[in-house]
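Novice: Protein sequence lines, in the order shown, are assigned to chains P and R. My numbering applies: residue 86 is where the first sequence begins, and numbers increase by one. My numbering applies: residue 9 is where the second sequence begins, and numbers increase by one.
Note that these hints are calculated values from the structure, not bench results. Here the structure is a predicted model, which is why all the values come from computation and not from measurement. Please note that the accuracy of each hint is not assured.
What the hints assert, rightly or not - Pulled a few chain R residues facing chain P out of the computed Cβ check, cut under 7 Å:
| # | residue |
| --- | --- |
| 1 | Arg20 |
| 2 | His148 |
| 3 | Asp185 |
By construction, the Cβ of each residue, glycine as well, lies at the ideal position given by its N, Cα and C atoms.
What follows is each chain in one-letter form.
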Amino acid sequence: MGKRVLLIEDEPSIIEAIRFILSRDGWAVDTHADGATAMTALARRTPDLVILDVMLPGRSGFDILSDLRADPVHGALPVLMLTARGQTRDREQALALGASRFMTKPFSNAEVRDAVNALFAEAGGDAARQA
Amino acid sequence: MPTRGLTGTRIRARRLDLGLQQAELSRRVGISASYLNLIEHNRRRIGGKLLSDIANALDTDSTQLAEGAEAALLDALRAAAASPGGETAERERAERFAGQFPGWAGLVTAQARRIDTLERAVATLNDRLAHDPFLSASIHDLLSTVTAIRSTSGILAGEEAVDPEWQTRFHRNLYEDSRRLAESAQALVSYLDAGGNAEKTLAAPQEELEAWLSARGHHMPEIEDGAAPAAVVDGAAELSSASSSALALAHVGRYASDAAALPMAPFLDSVDALGMDPAGLAARFGVGLSVVLRRLAQMPEDRLPGPVGLVVCDGSGTLTFRKPVAGFDLPRFGAACPLWPLFQALARPMQPIRSWIAPAGRAPQRFLSFAVSEPSYPEGFDGPAVIEAVMLLHPSAVPAEVVPNTVGVSCRICPRAECPARREPSIVAAAG
């Protein structure tokens, strides 16, 4: 089974671009535009990594991150948070809630790819998956 | 008389205008030239018969010499000295400074006024940047669209080949995103252009309501005469949204019930008799304090002893109504100063609080405030208590034995550095 990332983002063009560039690196990308459907998908299949936008319709990315960290099964998943608001307090809130990394829009494709690969490696990479 | 020390400067100016020598003028009024010289350089105080004699000799009147435009200059100098950083100014020598260096004094006061204007602009813009929902949403939209365009174009411009089907999809995304970016940018520019005068740029239904009420002076003769609230609200051009109309209808409905409880004519008669005494007025009419405070703010200001401002908040401390009064700034967005008596009253329901307050870092305007919070139970015994606090502000001199409480607008723009209730650092203090 290949590497799998859960992308929770509501901007269609960003979804397509991230899906495309990560697919090239061998990632299977599941995308969801809101937290409710994403959590349902998460319960069905555990990804290797989550990319989570802060500004989402309904529950915010911070709310979803809190739920995720409180979940005994998925609480340790690497989470890359994306936001268009680069204020210090947003960054501090994300890290306090347990975000693994925090990335401010606009970012480049290379930055996303590097962050995802780095998080995957920090979590043990393929060796951890096989174990 | 605070302006007396400037009289000498005016005497000298008037004498020179007339082409008189000091010796000639001193001879006419029977004093020595050296004494006149001291008077003209504001080193001797002058009044009574001598001032009258000099005025006659200079073909003017003593009032003209004793008072003048310098009074305003002195007031402005004292205001400048009262602002942050003015602690080292020799306030007791302000008259002499203004008399001997009127040009420099004018420059100091002009710059103090300019600083005050700029601080207000900074406060408004900061308030907007931090809390304006439209601006926040616009910038978020712009950055998201820019990110999408950057990612998509990065893929197309990359060295790796892109499948023709994906190419078509990305080209379409680029076109749509660039068009959306143009529209968003245009909307933002229009918004910021309109916000050149930020004070008049409306952003929320509550602000539309307040602008509408402000244009009417917060007084509604139609309601006083018994008109239905809907008749007043319907068709109001300033209320552009359904939300602002709904807020206005609720506000005018409460105005009507307040007016029914305290009819204008007997209420104003009682104000004439008792003055700004909300407790006395409440006792006389057998009503609660909140309705009296609101009712005072509904009266035409020329019928009251002075201008009044009113602030209302709900149980969360959120400001739900603002009637400004000159000299006491109210935050346009976000939370207010936690030291306001309004919030002290919120913490102590049914206990009226009267206190004198001084706005932090402003000219020495002082206010007498009356605040009270009262619970209501719209859903009966089993429903939650809905608490609302009201604060009336009235410009007032402070009794000698009273030390006024210094309060700000909101933490972010408050110059009071050592505040026990500070939530966050101040950009004004940091800049200063």
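Novice: For every hint, state whether the structure bears it out.
Specialist: Verification of the supplied hints:
Because the beta carbon of arginine 20/R sits about 59 Å from the nearest beta carbon in chain P, more than 7 Å, this interface hint is broken. Of the supplied interface hints, the one on histidine 148/R holds, with its beta-carbon coming within about 4 Å of a beta-carbon of chain P, less than 7 Å. Because the smallest distance between the Cβ of aspartate 185/R and any Cβ of chain P comes to about 5 Å, under 7 Å, the interface hint for this residue holds.
Checked against the numbered hints above, the structure breaks only hint 1 and satisfies the rest.
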